[in-house]
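Single-letter residue listing:
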Amino acid sequence: MGKPTGFMEFNRELPETRDTKKRLDDYKELYVEFPEKKSSQQAARCMDCGIPFCHNGCPLGNNIPEFNDAVYQSNWKLAIGILQSTNNFPEFTGRICPAPCEASCVLGINKPPVAIEHIEKIIAEKAFELGYIQANPPKIRTGKLVAVVGSGPAGLAAAAQLNKARSYCDCV
Amino acid sequence: MGIIIEAGDAIEVHHFATLIGYGISAVYPYMAFETIRQMVKERLLKRADLADLNNNYTKAIGNGLLKVMSKMGISTLQSYQGAQIFEIIGLGDEIVERCFPGTISRIGGISFDNLAKDILARHQLAFTHANPNNHRLPVGGLYQWKRNGEAHLFNPETIHYLQQSTRRGDYDLYKKYAHAINEQSEKAITLRSLFDFKKREPVSLSEVEPAESIFKRFATGAMSFGSISHEAHSTLAIAMNRIGAKSNSGEGGEDPIRYEKKANGDWERSAIKQVASGRFGVSSYYLTNAKELQIKIAQGAKPGEGGQLPGHKVDEWIGRVRHSTPGVGLISPPPHHDIYSIEDLAQLIFDLKNANRKARINVKLVSEAGVGTVAAGVAKAMADVILISGADGGTGASPLSSIRHAGLPWELGVAESHQTLVLNNLRDRVVLQTDGQIRTGRDLAIATLLGAEEWGIATAALVVEGCILMRKCHLNTCPVGIATQNPELRQLFSGDPDHVINLFRFLAEDLREMMAKLGFRSVNEMVGQSSDAMKVKDILPTKKLESLRLDKIIQRIPESDEHGIFHKKNQQHLIKEVLDRKLIEVAKPSLNSREVSVGRFEINNTDRAVGAMLSNEISKKYDGDGLPQGTIRFSFRGSAGQSFGAFAASGIKFALQGEANDYFGKGLSGGQLIVYPDRESSFVPHEHTIIGNVALYGATSGEVFVNGIAGERFAVRNSGANAVVEGVGDHGCEYMTGGLVVILGDTGKNFAAGMSGGIAYVYNAGSQFASLCNMEMIDLEPLDFEDISLLKQLITKHMKFTGSKRAETIISDWADHMSLFTKVMPREYKAVLASRKGVQLKQTA
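So the sequence lines, in the order shown, correspond to chains A and B.
Residue numbers 469 to 640, in my numbering, belong to the letters of the first sequence in order.
Residue numbers -11 to 833, in my numbering, belong to the letters of the second sequence in order.
Calculated from the structure, these hints are not laboratory results.
Watch out, some of these pointers could steer you wrong.
Capping the alpha-carbon separation at 25 Å, the derived lysine-lysine pairs in DSS-like fashion look like this [claimed, not checked]:
no.: 1; chain 1: A; residue 1: Lys506; chain 2: B; residue 2: Lys34
no.: 2; chain 1: B; residue 1: Lys460; chain 2: A; residue 2: Lys579
no.: 3; chain 1: A; residue 1: Lys545; chain 2: B; residue 2: Lys576
Some, not all, of what chain B presents toward chain A, calculated at C-beta under 7 Å [what the hints assert, rightly or not]:
no.: 4; residue: Arg124
no.: 5; residue: Leu130
no.: 6; residue: Gln132
no.: 7; residue: Thr465
no.: 8; residue: Arg478
no.: 9; residue: Leu480
Here a beta-carbon is modelled for each residue, glycine too, at the ideal position from N, C-alpha and C.
Model the full assembly from the supplied sequences, consistent with the hints where possible.
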């Protein structure tokens, strides 16, 4: 686990949002830069519960305590590996998920919950930056070809799963 | 010939223990080393030196093995190797007969084919065709709940239902919880999930005894103040006292402020007071304030291990309640130093019964093969209650190797104990109680049918108080203020006695519904009706489970009409005509109006636990303070029986001319005990043994002067008494945490082992003394200025009270003799004393 006393030492903190007027002019990131150290402190707040309610609350079943610990250790490769084992698009969910994980976070019983969604996004961004997000075509295919109709997040996720299951896949 | 095994699946301590326990000389766990190598490669570890990391792993496994061996009372690997001290659960005869002949395996189980399938399944997970670039093994989830991992009874769903139902007082929601726990279907987490009830003639619910009369059969588990916070502990006590059930102090003593009822009628006093091997705070006053006294022989979840409280959890308050030094960690010794046989246990039961006649004496055993025989012995030793504790309970702070691999389910232990007691016509004399993850009315019904008429509930009660099974109980960081002493975290505690009461009301109602369905009007009617009301499920969820032999668990042993199959009569404790009845008569003036009483008595070795009952009378009236020193001055002549001066309270001054047997001054609680040889004897006192073994065990305060040598294990777990003695046997001052011991003669070996507090002064110890000491926690030092006056004072008193010639020689030429004393000082204790002094100096400056 990250830091046993992390939740007593650090408060919940999220990056600030950019000025609304400026934001209206572009499609860039909503948040201003957030130092890596601060993200690591946010991850240190995770208590690695015996029963991780976050992991239960997450519709995807993300292994949240594990990736929190990896972020606390600044091991981005491990973090993205854990995250991708349950989640095809952390870069989406890290931004637009309603985060039921945070609503079920045990720390949330009497303190502001761990900033799980933010950590998820940071992992995805960092992984892109470090080149860990790569195409992973299977060496052997089943030979089946599946068409996925629609290529929003759901369609792309379905395609990614089919790819993992060694099928050929076309999004239309 | 040595056998070396090379295995990929030997990973954790238990694997190594099992291999060595069945004769292996060395293990090469190649997969573990490969894993470490891989972790280094992937930068998962902070350090990168592979050799060091491998060494660390080997060392950790070695330490784990030491712990396992010490639990079994084994000191050398040679004795453990091939000792085969295991019990098998779930392996079929085919495997047991071929691989583990002679090992107990009571319920049968899987075959070689099943094992092969499991291994193949694991192989397929490792060598799958999935993308090797992002191939992750399943998460496991043995120690932490995982969505796709091992099934646990407490999971997000059941915890949510339980907390919400008890907070809202919503019985329907509780039923959802109970359903989720009971319906284990394919997972079959517990043995009881494999049983079913038979169809019987029902009775209407209104005919079943009311919940209120069932409440008295409930207890909460023994969790000490120290392991859990004051708030969590006292909330349980208040709830249980409100409904006439019993909470348990645990082994950490209890703050006397809790003995007084509050203005609103609430009572934080724990009805059950535990007496464990550490004897923390076990004084006459403590024992007096109890409805039940529980002797903890072992803990279901970790048999063989004593409790451990790390130093950072021992704050000022806990230190005071446990009569120990704040900041110094506390270790309960694995055995009770006054119990080495069933007769010794009978003696302790007798001592406690004298110390509180109204209290039931409960002996806590753990479920294991052979517990039935032990239970029969305990029943004959006059216990009023026998608790069979199951393996699944109390795992919060247990070592990982104990959580899954030590202890057995209570179903086996209760069935065996009940059946053995019935067979030996002993069942009617005792109450049989059980605990270990009892969660629902169905669990209660099965426990009752198997023979338990009372039940303990601990984890479920903590969950109601807010516990969310963090499993960080050992770290002092519990975020809901339960298993922590951190004031900041304690403030976050949100438990409420009403919620706890709701839990027990729901459990009782749930049980009543079961009883109605099965046609039982009272719990007594139901106890032990195993095969009449339950059976193994007709259809078991998996093929694997069909190989289990469960019939013996539910078989019914025919009972005699006279003795029956549930608790019907009380034990005939032999306390009607003890010497203390006479002492109490003579001490009337002191007891009634603090006047001095004086008396002379002949004593012989059938007079046991002299002073315990008298102390009980003092504690009842004068609380923990007792009477002023020397109010009751009794002298005895003869050979005193066991436990002379046990729990002697303040105000008692016993002078014994003659000698005393074992357990002299056990649990001394402020009294003064003096022994000197009979005036007609001619031997030299400092050359002869005058009191038996295990004197002063668990003493909390008081003074002892012995004009002669004491036996072995003198002043073990002494936490505050001062003693002068003219020689001791082996293991003197072991596990001591406070008080002063002056030894004017020889010591045996292993002196001061595990001594974390208090000071010992040894006279003329000689150069070989260091080799007799266990130096792990202590230093040997010369006296300093403060010691000298204190020592002189004590020895002068010794001379005055006993007429000791040796003391006279020393005092008459004090200047020469004082330099002959060696001071035995625990290191941790010294550091704490020094830092305290520093604080005091700062305050005065």
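Tested hints:
Taken as a hint, the Lys506(A) and Lys34(B) pair is honoured in the structure, with Cα atoms around 20 Å apart against an allowance of 25 Å. A hinted pair counts as satisfied when its Cα atoms are at most 25 Å apart, and Lys460(B) with Lys579(A) qualifies at roughly 18 Å. A distance of roughly 80 Å separates the Cα atoms of Lys545(A) and Lys576(B); the hinted pair therefore is violated under the 25 Å criterion. A distance limit of 7 Å between C-beta atoms decides the matter here; for Arg124(B) the minimum to chain A is near 5 Å, and the interface restraint holds.
For Leu130(B), the shortest C-beta to C-beta distance to chain A is roughly 11 Å, which exceeds 7 Å, and the interface hint is violated. With its C-beta approaching chain A no nearer than about 6 Å, Gln132(B) sits inside the 7 Å limit, and its interface hint holds. The criterion of a C-beta within 7 Å of any C-beta in chain A is met by Thr465(B), whose closest approach is roughly 5 Å, and the hint holds. The restraint placing Arg478(B) at the interface with chain A is violated, with a minimum CB-CB distance near 12 Å, outside the 7 Å limit.
A hinted interface residue such as Leu480(B) counts as satisfied when its beta carbon comes closer than 7 Å to some beta carbon of chain A; here the least separation is about 5 Å, so the hint holds.
This entry does not satisfy hints 3, 5, 8, going by the numbered hints stated previously.
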